[in-house]
Amino acid sequence: MFLFTASLFILFLVSLFQLTNYAFVGPIKPDLALVLVIFLSFIYKDWIKRLILILLAAVIFKFGVGLELGNGLFIVSSLMGIITAEKLPGSPALNFITGVSIATLVMNITSFHVTTFLLELTYNLSTLLVYYLIYKLWPK
Amino acid sequence: MRYLYICLIVVIALSLMFYDDLNTVKFSGVYSISNIFKNVFPGEDLRERVTVLQTENESLRAEIIGFKINHEGEVKVYSSYPFNNKKDVSISGGLNLGFKKGDAVTVNSKILVGQISEVLSNSSIVKTVYDPDWEIAVRIGEKEIDGLLKGGLSPVIDFIKSDAEVVAGDIILTASPDLPYGLEIGKIKSVKDNPGSPFKTAEIEFAISLNSLRDVSVYR
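Chains as they are written, first to last, in our numbering: chain A, 241 to 380; chain B, 530 to 749.
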């Protein structure tokens, strides 16, 4: 329970950070929270916990009035990313890379620009690597 | 424990649908986090100050050309849209300050940032010129040559007459009926002739940078 509460808090901070202007890398914002949600699915196999993580980030990202397309896309892309990472038969590392790639593609589906997509994908995969390194450093 | 989790999901899902009034609280929180980062990384502050000076330089240049427009007080930029399919920002004023949908948002009342797309009680959402869907009529340089600006990551101006004298460095100004005339948008970066076409295209550079946007003013 403590670990999950800590994960919720970290996701909360990461999502708030993604809303700030400091999250910009050049003209692009990496999907820090999306990658974190997909990465945390490696730790939490329970779908209820995964849903709580996804919905928490979606609530923080709510920007305008009413239901937004951006929020819907975030929820769908998180689910797609998690399912891909879990169901593919390859090695976990390769599955997570594919999962993040598919999630990034879904995030860009409404206004697809090759340059934006490739930059965002590069940043997202780098973020995944950073999360993995932090996880490896963490004492177990 | 499982019931607790399910209750949590229901509460979060309901918040996702109905909690619009809390947006202002959240945006204020994001603004506070930005301030923490500003203090933790002093280099960022220096970079920001350089950008502010560059922006001031741009607005002075626009003033020299002679486009002075009345303006109201400044408001803070709270946060920016978290995904890359839109380039919106939220600002610290809404119905409480009398803002309306379509109001022009500027820096120093001379440089266009965008237009208000949604008004909440204490905050507003601004669609910026960086948005991929942004399209407005513009005039280029002192000769006021017409063109159509398309925003996005690589913004361009289309429909410039092929015989028009447009060169790199020319200032781009608003000429759209729903915006004040003569707000600066940016500068021409390069001009591309399209053989066989009566029009040419120009790549542009915006006068503002979203990363360093802190204070804006709104026309009412």
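Bear in mind the hints are in silico, worked out from the structure with no lab data behind them. Watch out, some of these pointers could steer you wrong.
[What the hints assert, rightly or not] If you anchor each label on the Cβ, the simulated ranges turn out as follows: (1) G312/A - E671/B: 41 to 51 Å; (2) S691/B - P332/A: 55 to 65 Å; (3) K630/B - L328/A: 24 to 34 Å; (4) I288/A - S719/B: 20 to 30 Å; (5) D692/B - I323/A: 54 to 64 Å; (6) Y372/A - G698/B: 16 to 26 Å; (7) A246/A - S726/B: 53 to 63 Å; (8) A246/A - L543/B: 42 to 52 Å; (9) K327/A - L575/B: 23 to 33 Å; (10) S726/B - I288/A: 55 to 65 Å.
[Claimed, not checked] Derived contacts from chain B toward chain A, CB cut-off under 8 Å, selection only: (11) Y532; (12) I535; (13) E603; (14) V604; (15) S608; (16) F612; (17) E647; (18) N651; (19) P661; (20) W663; (21) I665; (22) A666; (23) V695.
For each residue, glycine too, the CB sits at the ideal point set by N, CA and C.
Tested hints:
At about 47 Å, the CB distance of G312/A to E671/B agrees with the hint of 41 to 51 Å. Taking 55 to 65 Å as the suggested C-beta distance range, the pair S691/B and P332/A conforms, at roughly 57 Å. As the Cβ distance of K630/B to L328/A is approximately 45 Å, the hint placing it in 24 to 34 Å is violated. Roughly 54 Å separates the CB atoms of I288/A and S719/B, a value that falls outside the hinted 20 to 30 Å.
The given range of 54 to 64 Å is respected by D692/B and I323/A, whose C-beta atoms sit roughly 57 Å from each other. A hinted range of 16 to 26 Å for the beta carbons of Y372/A and G698/B is inconsistent with their spacing of about 46 Å. Distance hint check for A246/A and S726/B: the Cβ-Cβ separation is about 59 Å, which falls inside the suggested range of 53 to 63 Å. Judged by the Cβ atoms, the range 42 to 52 Å given for A246/A and L543/B is violated: they are separated by roughly 25 Å.
For the pair K327/A and L575/B, the supplied restraint of 23 to 33 Å is violated, since their beta-carbon distance comes to about 48 Å. Hint check: S726/B to I288/A, Cβ distance near 58 Å, so the stated range 55 to 65 Å holds. For Y532/B, the suggested interface contact is broken, since its CB lies about 10 Å from the closest CB of chain A, more than 8 Å. About 7 Å separates the beta-carbon of I535/B from the nearest beta-carbon of chain A, less than 8 Å, and the hint is met.
With its C-beta approaching chain A no nearer than about 17 Å, E603/B sits outside the 8 Å limit, and its interface hint is violated. Given the 8 Å rule on beta carbons, the hint for V604/B is violated: about 15 Å separates it from the nearest Cβ of chain A. Against a cut-off of 8 Å between C-beta atoms, the interface hint on S608/B holds, since the closest Cβ of chain A lies about 4 Å away. With a cut of 8 Å, the hint placing F612/B at the interface with chain A holds, because the nearest CB-to-CB distance is about 5 Å.
Interface hint at E647/B: satisfied, since its Cβ lies 5 Å from the closest Cβ of chain A, which is below the 8 Å cut-off. At its closest, the beta carbon of N651/B sits 13 Å from a beta carbon of chain A; the interface hint therefore is violated under the 8 Å criterion. At about 5 Å, the closest approach between the beta carbon of P661/B and any beta carbon in chain A falls short of 8 Å, and the interface hint on this residue holds. Taking 8 Å as the C-beta cut-off, the interface hint given for W663/B is violated, the closest approach to chain A being about 12 Å.
Proximity of I665/B to chain A is violated relative to the hint, the smallest CB-CB distance being about 18 Å (cut-off 8 Å). Interface hint status for A666/B: violated, as the beta-carbon distance to the closest one in chain A is roughly 22 Å, over 8 Å. Against a cut-off of 8 Å between C-beta atoms, the interface hint on V695/B is violated, since the closest Cβ of chain A lies about 24 Å away.
Checked against the numbered hints listed earlier, the structure breaks hints 3, 4, 6, 8, 9, 11, 13, 14, 18, 20, 21, 22 and 23; every other hint is satisfied.
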